[in-house]
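K.L.:
Chain by chain, the residues run as shown.
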Amino acid sequence: MTTTSTQRAAVDRLAPQRPAPRKKRNWSMAGRIVLLLIASVLILGPVLWTLSTSLRPPAESFQLPPSFLPLNPDFSSYDQVFKQLNIMLLVLNSALVTGLIALGQMFTAALAGYAFANLKFRGRGALFSIVLATMMVPAQVTIVPVFMLIRGIGLSDTLLALILPAIPTAFGTFLMRQYFLGLPSDLGEAAAIDGASPWRTFRSVYAPLAMPGMAIVGILAFNYHWNEFFRPLILTISEQNFTLPLGLVSLQGNLGTGSISVVLAGVILSMIPALVVFMFGQRALRDGLTAGTGK
Amino acid sequence: MSTATNGMSTKRRNGAGFKRRNGAAAKSQQAKGKQRQRWLPWAFLAPTILGMGLFTLVPIVASVVLAFFRWDIISAPSFVGFDNFAEVVQDPTVRVSFLNTIMFVVVAVALQLGLALALAIMVQEKLPAWLRVFFRSAFFFPLILSAASVSIFMRYLFNEQFGVVNWLLSFVGVPAVPWLTTPAGSAAVVILVYVWQNFGFSFLLFIGGLASIPTETYEAASIDGATGWRKHLHVTLPLLSPTTLVASVMAIINALQVFDQPYVLTRGGPGDSTRTAVMVIFESAFQRLEFGQASAIGVILTLIIMAITAAQFRLSKRFVFYQ
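One line per chain: the protein sequences are Y and X, in this order. Heads up: the first sequence runs through residues 1 to 295, numbered per this note's numbering. Heads up: the second sequence runs through residues 1001 to 1323, numbered per this note's numbering.
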């Protein structure tokens, strides 16, 4: 941006001298690219190492020199991870927990966001402020009462203990409210004139239009809860209710360093759904993560 | 954001709303609609309000109340006044953990913001489009991984004998660094792993902030003769200060709650050298069953978070430059 402006200034004033500054600019761009490449290598290198080490035979997994490119892939670590860890159960648990939380958040946040954006009722502003204020208190601080509540209603050590408390979402409600505020209000007026009930107006006019917003809520919920460690560590006790991150950490604790490729194979498997989201929903994820911080 | 008044006319109770409505269908609905609109918003809100009440508001109040009781779940709770706070404040492990957390926040947030800002400026300047997309995706990538998984593979990479980090360092003549067996080494690893994973979030915020700086500002600056880093020092930094404020508030709040990385990488050790505030909440509640003390620590942490947030917004009035 800025270079084009200097360029323009140079053209305006001293057109013949144009090549000289240009050369200098290319050098600075090359330097920048080198620095950015170094940063990318530092970021992606550890992940590449994880992938290629998971594709080494377990006995060689901790040998130096390390492997960064899987040239002779060996899948025995993947066989092992299925044998040593009930990974299918972990995947199933994680998928169930994450999927239900994401769906639940999309549904409840759409409803609440719509009410805060388009319906009028007493105490709307105050209630919305309370919803926003709950975001200030970290989940780690309320975990003790949540744990007791879960025990009290007889849900301790179940998957529901992970799912139910995570469904009401202040951030999702905020996001959906913003989304509904951005939709034209005369659509609802037209529907009402045509005799549509308020529920029909929401269901058939606004909800379909709000799908992209709901997708952002769903993707954010998926990214957060697929990876979360703290709540499952506290709210699940038996291994049959573990989610993937918890199962992998306990696998690392159980195995010696002789079979790190087995642990890394599990890590790679657990990354696959996140990678799919990264490839297809990166834009939505970026927008969601930075939503509400723009001002 | 403030224009919350674009409600649909069926739900408008004021005159303006009624005046706009015409047509037989709307009129016949008027009576029914009026009845319905009283409870209708609450039907939409019920799942969220009930859920948040039960799983967020009640626990917030309960954790404050619990901080004044001694309770191990087995016997009945007994009121102890400020005893939990007094004990917690004097407990050497809790003190060390809070000091560790503050040190961690200072170093990790400074690194995270510095790195994110420098890389964001470099990515946003003239660059081939495909490279810009590649760099942005690469820096964003760690955000989609689980902190637990990242800590699992990083623990291998920082292994003293067989780790790749020491292997690479050996080429520049650095003798094997005892990363995870010494207090300083462990603290460094926790910070590095945390920043590795989280700087991408600040990076995204800075990218957004840079994109909103008008190009004319730079044109004016370069006509005035500003180049290179001087241009960024005198133009970018002041104009970016609102973004920097948001990015630093969020980075500090998140870093104060660090748990996954130290738990998986070091379990708080060696000694208490990498134990953090949230780790002592976890340990006093779920390992020692001191639920009252755990709540007291939680209340203190929440107060610290609120104080820092308030202080930052106060400072912003003085130092942040709004256009």
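These aren't lab readings, by the way, just hints derived from the structure by calculation. Just so you know, even glycine gets a beta-carbon here, dropped at the ideal spot from N, CA and C. Please note that the accuracy of each hint is not assured.
Stated by the list, open to error - Now the stretches of chain Y that chain X is said to cover, found in silico as 3 or more residues with beta-carbon under 8 Å:
no., segment
1, 81-89
2, 93-100
3, 154-163
4, 209-215
5, 259-270
What the hints assert, rightly or not - Computed beta-carbon distance windows for the label pairs:
no., chain 1, residue 1, chain 2, residue 2, range
6, X, V1172, Y, A30, 34 to 44 Å
7, X, F1134, Y, F68, 38 to 48 Å
8, Y, F68, X, P1270, 24 to 34 Å
9, Y, I130, X, A1076, 30 to 40 Å
10, X, P1270, Y, P73, 31 to 41 Å
11, Y, A30, X, T1217, 35 to 45 Å
12, Y, L103, X, L1054, 17 to 27 Å
13, Y, Q63, X, A1220, 51 to 61 Å
14, Y, L89, X, P1270, 26 to 36 Å
15, Y, K83, X, S1137, 27 to 37 Å
16, X, R1132, Y, Q63, 51 to 61 Å
K.L.:
Each of the hints needs a verdict: does it hold here or not?
P.N.:
Against the structure, the hints come out as follows:
no., hint, result
1, 81-89, "violated (count 0)"
2, 93-100, "violated (count 0)"
3, 154-163, "violated (count 0)"
4, 209-215, "violated (count 0)"
5, 259-270, "holds (count 5)"
6, X:V1172 to Y:A30: 34 to 44 Å, "24 Å, violated"
7, X:F1134 to Y:F68: 38 to 48 Å, "18 Å, violated"
8, Y:F68 to X:P1270: 24 to 34 Å, "30 Å, holds"
9, Y:I130 to X:A1076: 30 to 40 Å, "32 Å, holds"
10, X:P1270 to Y:P73: 31 to 41 Å, "37 Å, holds"
11, Y:A30 to X:T1217: 35 to 45 Å, "26 Å, violated"
12, Y:L103 to X:L1054: 17 to 27 Å, "19 Å, holds"
13, Y:Q63 to X:A1220: 51 to 61 Å, "59 Å, holds"
14, Y:L89 to X:P1270: 26 to 36 Å, "34 Å, holds"
15, Y:K83 to X:S1137: 27 to 37 Å, "35 Å, holds"
16, X:R1132 to Y:Q63: 51 to 61 Å, "38 Å, violated"
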